[in-house]
Amino acid sequence: MEELVRNTEMDKSGYYSKLQNKSRVNLFNYLITPYLFFLLFGPKIGLYFDTSIIASLFTVIIVLSQKKNIVFYKNYFSYVVGILIILMYSFFMMLLNDNILVVLVGRYLRSIISLISIWTIFAASKKSNEAIIYSLIKVLAIHAFLVIVTAFNLELQHMLSLFTGFDKKIRPLRSTGLMIGFDMAGLLCVLGYILSSAFPYKTTKKINLRIMMILFMGGTLVTSRFSILILLVILFLFIIKNRKNKNKKFEVRLGIIFISIIAVPVLLLFLATTSIGGNLQNTLSNYFPHFNSVVNGFMDSYADTNIESTFLNHFNFDGLSLTNIIFGIAANVNQDPGYTTTIYSIGIIGLTLSMIWYLKVFVDTFRVKNQLIKQKYNFREINYINQIIVIMILITFGLSIKNNYFFTGTYFEILVIFISLLYRKITKERCSNET
Numbered sequence: 028m029e030e031l032v033r034n035t036e037m038d039k040s041g042y043y044s045k046l047q048n049k050s051r052v053n054l055f056n057y058l059i060t061p062y063l064f065f066l067l068f069g070p071k072i073g074l075y076f077d078t079s080i081i082a083s084l085f086t087v088i089i090v091l092s093q094k095k096n097i098v099f100y101k102n103y104f105s106y107v108v109g110i111l112i113i114l115m116y117s118f119f120m121m122l123l124n125d126n127i128l129v130v131l132v133g134r135y136l137r138s139i140i141s142l143i144s145i146w147t148i149f150a151a152s153k154k155s156n157e158a159i160i161y162s163l164i165k166v167l168a169i170h171a172f173l174v175i176v177t178a179f180n181l182e183l184q185h186m187l188s189l190f191t192g193f194d195k196k197i198r199p200l201r202s203t204g205l206m207i208g209f210d211m212a213g214l215l216c217v218l219g220y221i222l223s224s225a226f227p228y229k230t231t232k233k234i235n236l237r238i239m240m241i242l243f244m245g246g247t248l249v250t251s252r253f254s255i256l257i258l259l260v261i262l263f264l265f266i267i268k269n270r271k272n273k274n275k276k277f278e279v280r281l282g283i284i285f286i287s288i289i290a291v292p293v294l295l296l297f298l299a300t301t302s303i304g305g306n307l308q309n310t311l312s313n314y315f316p317h318f319n320s321v322v323n324g325f326m327d328s329y330a331d332t333n334i335e336s337t338f339l340n341h342f343n344f345d346g347l348s349l350t351n352i353i354f355g356i357a358a359n360v361n362q363d364p365g366y367t368t369t370i371y372s373i374g375i376i377g378l379t380l381s382m383i384w385y386l387k388v389f390v391d392t393f394r395v396k397n398q399l400i401k402q403k404y405n406f407r408e409i410n411y412i413n414q415i416i417v418i419m420i421l422i423t424f425g426l427s428i429k430n431n432y433f434f435t436g437t438y439f440e441i442l443v444i445f446i447s448l449l450y451r452k453i454t455k456e457r458c459s460n461e462t
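What the sequence shown shows, in the working numbering, is residues 28 to 462, in sequence order.
Any given hint could turn out to be false.
[Claimed, not checked] In silico BS3-like pairs for lysine-lysine, Cα to Cα no more than 30 Å straight-line:
#	residue 1	residue 2
1	K452	K387
2	K229	K154
3	K403	K233
4	K165	K233
5	K268	K387
6	K275	K403
7	K275	K165
8	K101	K387
9	K229	K268
10	K153	K452
11	K233	K154
12	K232	K403
13	K101	K452
14	K154	K403
15	K452	K273
16	K233	K452
17	K229	K452
18	K233	K271
19	K195	K429
20	K275	K232
21	K232	K154
Since the hints were derived computationally from the structure, they do not count as laboratory data.
Take these sequences, add in the hints, and give me the full structure.
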């Protein structure tokens, strides 16, 4: 009888233990979406207080408290070391020039923390890559929704700016959503469209994905001219690639309708607010009397941009010696392009180190992809993740002509998310053979 009671107590103990462990796992998995939201869009307080960093550190503490066995692959950890080298070189140049660039140091520290925290939570989570990517798309859709809503409600946009740190002029029919810049806000909408339209999994959530696709397209329209142009290019390429794909009929038709409706207004937007049109603006005004009112409407929301002079001013290195250009002068410069700002701060050497980091990720992505395909993993999933990483790196190199996308907050974290998703497909048994 005593033995029966003892066995019953042990069974109850085991049952409650399993129940407790299950609740912990469920709670841990539910943290993924809030974690992604705060990782990407954590409120900014002032110039130096970023709650996304706190969210990352807090999540790592939760994971470690669960006593999870986290394995860092050598190749993945080399990305942390690479940024640490860039940080050390940057700090050395700052000391030589007697000027500490707090924002730049913070950028590299945040990148290191993000690399560690993202891998830590994904390695510990039982959620599938599909579920994590879907959560990411939902988080980006929240941003796109707020972009659209606040573009038509300036008071709400002003309230939102208190959390995002946006301190520039609020313009009608434009919004930065949860970001502090129009271009980045638009780029995230474009990226959200890419993720949702190319979603490689067979899912019952197609309607949700299509609704979010429309949100991303609409959000892009009220961010920046550059983002709209990128979206049109992406849509054109998507239509060409998938025109015969029966599974993408809706997406292709949506893209064709969108381009058909938007192409002419976008052309007018560029003619009205840039130097592309030249004398064409005056010619159109003569033939179409209402064209001037259209131009004035656009000018309320967009600056009048002379592309040639803007380009020359943003790549101006007057006053820098050859030594300054090579090593940098640890200075903030009032120019937008990532190449220019990086050269002024840490020189050609620092820029080269940054580009090498991205090129290493680029090459490693294909190597890991081929390794996983040989191991007969889901080809569509691996190919999807690989293509997203490649696209994001190409965007980093290409768009840094206009803005700085090297290790830039939010965009960099999304890149790291996909790098981590690729590496987490490698089993622990094969860890020693990884690199």
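To see whether the hints hold, each was checked on the structure:
Annotation: proposed proximity of K452 to K387 holds, straight-line Cα distance about 19 Å (limit 30 Å). Distance check on the hinted pair: K229 and K154 sit about 16 Å apart at the alpha-carbon level, within 30 Å; holds. Under the criterion of a C-alpha separation no larger than 30 Å, the hint pairing K403 with K233 is consistent with the structure, at around 26 Å. Restraint check for K165 and K233: satisfied, since their Cα atoms lie roughly 13 Å apart, inside the 30 Å limit.
Taking the CA atoms of K268 and K387, the gap is about 28 Å. The hint holds against a cut of 30 Å. For the given pair, K275 sits about 25 Å from K403 by alpha-carbon distance, which is consistent with the 30 Å threshold. A hinted pair counts as satisfied when its Cα atoms are at most 30 Å apart, and K275 with K165 qualifies at roughly 20 Å. Our distance criterion of 30 Å between C-alpha atoms is met by K101 and K387, whose separation comes to about 13 Å.
A distance of roughly 19 Å separates the Cα atoms of K229 and K268; the hinted pair therefore holds under the 30 Å criterion. As the CA atoms of K153 and K452 are separated by approximately 12 Å, the hinted pair is consistent with the 30 Å bound. A hinted pair counts as satisfied when its Cα atoms are at most 30 Å apart, and K233 with K154 qualifies at roughly 20 Å. Restraint check for K232 and K403: satisfied, since their Cα atoms lie roughly 26 Å apart, inside the 30 Å limit.
Proximity of K101 to K452 is assessed by CA-CA distance (about 15 Å); at most 30 Å being required, the pair is judged to hold. Restraint check for K154 and K403: the C-alpha separation of about 20 Å stays at or below 30 Å, so the hint holds. At roughly 29 Å between alpha-carbon atoms, K452 and K273 fall within 30 Å of each other, so this suggested pair holds. Between K233 and K452 the CA atoms are separated by roughly 25 Å; this keeps the pair inside 30 Å, and the hint holds.
Of the supplied pair hints, the one linking K229 and K452 holds, its CA atoms being roughly 19 Å apart against a limit of 30 Å. With a C-alpha separation of about 19 Å, the suggested pairing of K233 with K271 holds against the 30 Å cut-off. Between K195 and K429 the alpha-carbon distance is near 18 Å, which keeps this suggested pair within the 30 Å criterion. Of the supplied pair hints, the one linking K275 and K232 holds, its CA atoms being roughly 14 Å apart against a limit of 30 Å.
With a C-alpha separation of about 17 Å, the suggested pair K232 and K154 falls inside the 30 Å cut-off, and the hint holds.
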